[in-house]
Amino acid sequence: MTGVVIRLLATASLMLALLAAELAAVFIFPGWGRVGVAVIAAAMVAVAAFGFMDLREEGAPVWLLAAAAALWLAILLGLGSLDPLTRTLYPTVIETP
Amino acid sequence: MNTALLMASSFAYGVGLAYIQCGSRRGMVFWLLIACALGLAFISLKFGVEWRNDLEKGLFPGANFSIHGPARSGAQLFFAFYFFSTALHGLHLIVGLGLVAWIISQARRFAPERHTPVRVVGLYWTFIDIIWLVLFPLIYLIGRAS
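Protein chains in written order, with my numbering: chain D, 1 to 97; chain Z, 1 to 146.
Honestly, the hints are just simulated from the structure, not real lab data.
Hints should not be assumed to be uniformly reliable.
[What the hints assert, rightly or not] Covered by chain Z, according to a simulated footprint, are these stretches of chain D (three or more residues, beta-carbon under 8 Å): (1) 30-39; (2) 70-78.
[Stated by the list, open to error] Covered stretches of chain D (in silico footprint by chain Z; criterion: 3 or more residues with CB under 8 Å from a CB of chain Z, positions within the stretch not fixed): (3) 4-16; (4) 58-65.
Every value quoted in this text rests on a predicted model; they were computed, and no experiment measured them.
Glycine included, each C-beta is placed from N, C-alpha and C at the ideal position.
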């Protein structure tokens, strides 16, 4: 029991440290850029999956499925936010044939 | 703050799961109540404070949108994504709260050798956490990063 709580505490602490790094990547070390933020966010997802969802107890097929799920989540949410975050031209120019 | 609350709630749920695996229903109920309280705190901050401030500032996309000038259209698009995605996440969290409340109400049915529902709801609870871990940088950080 104590071992499980210590492991969960370590997971939560690591995630808090990664959250701090994520905020630092934006506000203190802007040179890390968007890629830095994305890499840290991916690391946080991995830590949550392995630490809280006990993914480490499963085999390679489950890891593969979990990675695919995380990838699709990132793609769907990433694509959803791509336009709001990057568009500079309003209204959209539509060329008629 | 919100992100830390969700992380803490996943931690609390994990401890609750460990308690039922050791045979302590009382310990499980205690830690699941803490997980619920942290989830409620997240919802209160998100919708009771943050959304309220945004709505008072006129940031909901529409005719009364308060940002004018060249950035208006872009800002409307961003806030449409912001309100939709946070609402959808909040909806999932409310469903999660209902499931955790159901687990608590059924606590006497679970034992170390029979606690699959506790484990499954725990997976869903952490999944909500993971969605937020992707949403949080997309909404609050990526746009500010260089």
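Inset, instruction - Closer than 8 Å, Cβ to Cβ, for at least three residues: run that test on the region 4-16 of chain D against chain Z and report holds or violated. - result: Coverage by chain Z holds here, the residue count being 8 at a Cβ distance below 8 Å.
Inset, instruction - Report holds or violated for chain Z covering the region 58-65 of chain D, Cβ cut-off 8 Å, minimum 3 residues. - result: violated (count 0)
Legend entry - Within 8 Å of chain Z (C-beta), three or more residues of the region 30-39 of chain D: holds (count 8)
Legend entry - Within 8 Å of chain Z's CB atoms, at least three CB atoms from the region 70-78 of chain D: coverage verdict: holds (count 5)
Comparing the model with each earlier hint shows a violation of hint 4 alone; every other hint is respected.
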